[in-house]
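One-letter residues, chain by chain:
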Amino acid sequence: MIRFDSVSKRYEGGVDALSRVSFELDSSEMAFLTGHSGAGKSTLMKLIMLMERASQGQVFVNGTNLNRVSRGQVPHIRRGVGVVFQNHQLLFDRNVYDNVALPLSIAGFSPREVGRRVRAALTKVGLADKEKKFPVALSGGEQQRVGIARAVVNKPPVLLADEPTGNLDPELSREVMNLFDQFNQVGVTVLIATHDLELVRAMGRRELILRRGQLVSGDEA
Amino acid sequence: MKAAGATAAVTGVRDRLKSWQAHHRRVFFFTISELLQNPLASLMSWLVIGIALALPMILYVMLSNVSMVSGEWGGKPRVNLYLAQDLNTPVARALATEISQEPGVEAVVFISSEAALKDFQRRSGFGDVLSTLDRNPLPHVIEVVPQGADAVLLQQMMARWEVRSEVERVSVDFAWLERLFALLSFAERLVLALALVLATGVMLVLGNTIRLAIESRRQEIVIIKLVGGTDAFVRRPFLYLGFWYGFGGAVIALLLVQASLLFLAGPVETLAQSYRDDFALTGLGLAGNLLLLAGGSLLGMIGALLSVSRHLREIEPT
Chain H
1 MIRFDSVSKR YEGGVDALSR VSFELDSSEM AFLTGHSGAG KSTLMKLIML MERASQGQVF
61 VNGTNLNRVS RGQVPHIRRG VGVVFQNHQL LFDRNVYDNV ALPLSIAGFS PREVGRRVRA
121 ALTKVGLADK EKKFPVALSG GEQQRVGIAR AVVNKPPVLL ADEPTGNLDP ELSREVMNLF
181 DQFNQVGVTV LIATHDLELV RAMGRRELIL RRGQLVSGDE A
Chain R
1 MKAAGATAAV TGVRDRLKSW QAHHRRVFFF TISELLQNPL ASLMSWLVIG IALALPMILY
61 VMLSNVSMVS GEWGGKPRVN LYLAQDLNTP VARALATEIS QEPGVEAVVF ISSEAALKDF
121 QRRSGFGDVL STLDRNPLPH VIEVVPQGAD AVLLQQMMAR WEVRSEVERV SVDFAWLERL
181 FALLSFAERL VLALALVLAT GVMLVLGNTI RLAIESRRQE IVIIKLVGGT DAFVRRPFLY
241 LGFWYGFGGA VIALLLVQAS LLFLAGPVET LAQSYRDDFA LTGLGLAGNL LLLAGGSLLG
301 MIGALLSVSR HLREIEPT
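Those sequence lines, one after another, are chains H and R.
Under the numbering used here, read the first sequence as residues 1 to 221, first letter to last.
Under the numbering used here, read the second sequence as residues 1 to 318, first letter to last.
For reference, chain H alone in the conformation it holds in the complex:
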């Protein structure tokens, strides 16, 4: 589902963010991506989301070689990758329902189908009664869960999460991790970037460790 073939990323100015990274995540596998800040976690995630392009090597997501994706096709690739952002990236002038519905209206679902799926996703993250609320009226943990609902609402085969527990207390973090676990149970490939090593250990999943742009552990499944 996600495959890196000796991928390097050099930013303008000569900084090597990733060098010759290779790994493969099978469909419905769940893994953690760890490493110090600056180790290349964000760059790796950005390559999967097509926010950046590899300087060398090839990235495959859902069977598509991302090197061959034109600018116009980018949105369609992104629809197959749900992303949970550290800073949630919610629209503050829209209520919870509209925030979660965004990927569906973009993908062209009928309003009835949108309603059905949005409510299912909100129920899943435990926010069924908050759909009319605006993000400012929610706690950090609730905002995070709105972001998760939005990431999974159109049932993407791949789910990425960038520091999803960064601002949450341990109990909330565990809840969020359990949610990811549940999505993984139904066949979603999940990759979570985090520096919460305790949590990683507790979950007992595969761990990809980056150090100065190189994958030092976890390249073999």
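Since the hints were derived computationally from the structure, they do not count as laboratory data.
C-beta atoms are modelled at their ideal positions from N, C-alpha and C, and glycine is treated no differently.
The reader is advised that the hints may include incorrect statements.
If you anchor each label on the Cβ, the simulated ranges turn out as follows [unchecked claim]: (1) R:Ala294 to H:Ser6: 54 to 60 angstroms; (2) R:Phe28 to H:Gly14: 46 to 52 angstroms; (3) H:Asp98 to R:Gly266: 42 to 48 angstroms; (4) R:Leu196 to H:Ser6: 55 to 61 angstroms; (5) R:Asn208 to H:Ala137: 33 to 39 angstroms; (6) R:Asp231 to H:Glu175: 34 to 40 angstroms; (7) R:Asp231 to H:Asn62: 17 to 23 angstroms; (8) R:Phe28 to H:Asp169: 42 to 48 angstroms; (9) R:Thr318 to H:Ser6: 20 to 26 angstroms.
Beyond 10 angstroms from chain H on every Cβ pair, some chain R residues (computed) [to be verified]: (10) Trp20; (11) Ala22; (12) Leu40; (13) Thr97; (14) Phe110; (15) Glu114; (16) Asp134; (17) Pro146; (18) Ser171; (19) Arg189; (20) Ile223; (21) Ile224; (22) Asp231; (23) Leu255; (24) Arg310.
Given chain H, put chain R in place with the hints provided.
This is chain R only, laid out in the frame that chain H set:
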């Protein structure tokens, strides 16, 4: 693949079409309601656009009124053949028919001396004086409209008519007509140039307004792009915004044109009626008004498109 649970969301073509229409509808109403929530700021933009559109429109209306009056002459000189005083009406009519069949003649109007006298009495206000005359001092007149305005051909035709015994005098007045039409086509060009300059101005003003709108929605654009929104999806609200700016501006322009017509109608008609009694100032008409609205909206959308295509690419999630 292990599980069938995680399949990318697949949607049918009909669903997509419906949803696409729904999005257009939603954006259509959303953008106008947004503009109306800031009535003062929106009105300012509408006024700027409206005035820029109204200026050439008002000039155009004035010009087309002048052209309509002068259009009587059709842009071609008219040759008047004043017939001999003692020529009787049937003979004069026969001559008119004969001339109308000559090559190079487009049309012929025969004005009998009786008709001319009646008309003169009615128009000149000398009715009483004229009725004291014992005989009609006016001759029959044949008004000839030549096919072209070629001076050489015209001279030849006139020479031919002048030698006939039935014809007393041939007269043509080109010079002032030529001047008038030159002046009119100059004015037309001027209005066109002005319209082009102002239309460009409208697009630039709109482009800037849209740029500000894009800037204030930067975060939203980034998020939409992140969750898979296409350029068209991102562009749509701004195009509708441009549409509403243009449309609103055109409505203001329409009102300004109507107001200036009302304002000018009195004096202009008084002036014009001293020459012609059936003159009334005409506006843009239904088709013209609709065209103004459509043109304004189109300008708005083009301005928005230019601005959006310039600025939207710069906004990418980082």
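Hints, verified against the model:
{"no.": "1", "hint": "R:Ala294 to H:Ser6: 54 to 60 angstroms", "result": "holds, 57 angstroms"}
{"no.": "2", "hint": "R:Phe28 to H:Gly14: 46 to 52 angstroms", "result": "holds, 49 angstroms"}
{"no.": "3", "hint": "H:Asp98 to R:Gly266: 42 to 48 angstroms", "result": "violated, 55 angstroms"}
{"no.": "4", "hint": "R:Leu196 to H:Ser6: 55 to 61 angstroms", "result": "holds, 58 angstroms"}
{"no.": "5", "hint": "R:Asn208 to H:Ala137: 33 to 39 angstroms", "result": "holds, 35 angstroms"}
{"no.": "6", "hint": "R:Asp231 to H:Glu175: 34 to 40 angstroms", "result": "holds, 37 angstroms"}
{"no.": "7", "hint": "R:Asp231 to H:Asn62: 17 to 23 angstroms", "result": "holds, 22 angstroms"}
{"no.": "8", "hint": "R:Phe28 to H:Asp169: 42 to 48 angstroms", "result": "holds, 45 angstroms"}
{"no.": "9", "hint": "R:Thr318 to H:Ser6: 20 to 26 angstroms", "result": "holds, 25 angstroms"}
{"no.": "10", "hint": "Trp20", "result": "violated, 6 angstroms"}
{"no.": "11", "hint": "Ala22", "result": "violated, 6 angstroms"}
{"no.": "12", "hint": "Leu40", "result": "holds, 20 angstroms"}
{"no.": "13", "hint": "Thr97", "result": "holds, 72 angstroms"}
{"no.": "14", "hint": "Phe110", "result": "holds, 72 angstroms"}
{"no.": "15", "hint": "Glu114", "result": "holds, 79 angstroms"}
{"no.": "16", "hint": "Asp134", "result": "holds, 92 angstroms"}
{"no.": "17", "hint": "Pro146", "result": "holds, 62 angstroms"}
{"no.": "18", "hint": "Ser171", "result": "holds, 72 angstroms"}
{"no.": "19", "hint": "Arg189", "result": "holds, 43 angstroms"}
{"no.": "20", "hint": "Ile223", "result": "violated, 5 angstroms"}
{"no.": "21", "hint": "Ile224", "result": "violated, 7 angstroms"}
{"no.": "22", "hint": "Asp231", "result": "violated, 8 angstroms"}
{"no.": "23", "hint": "Leu255", "result": "holds, 33 angstroms"}
{"no.": "24", "hint": "Arg310", "result": "holds, 16 angstroms"}
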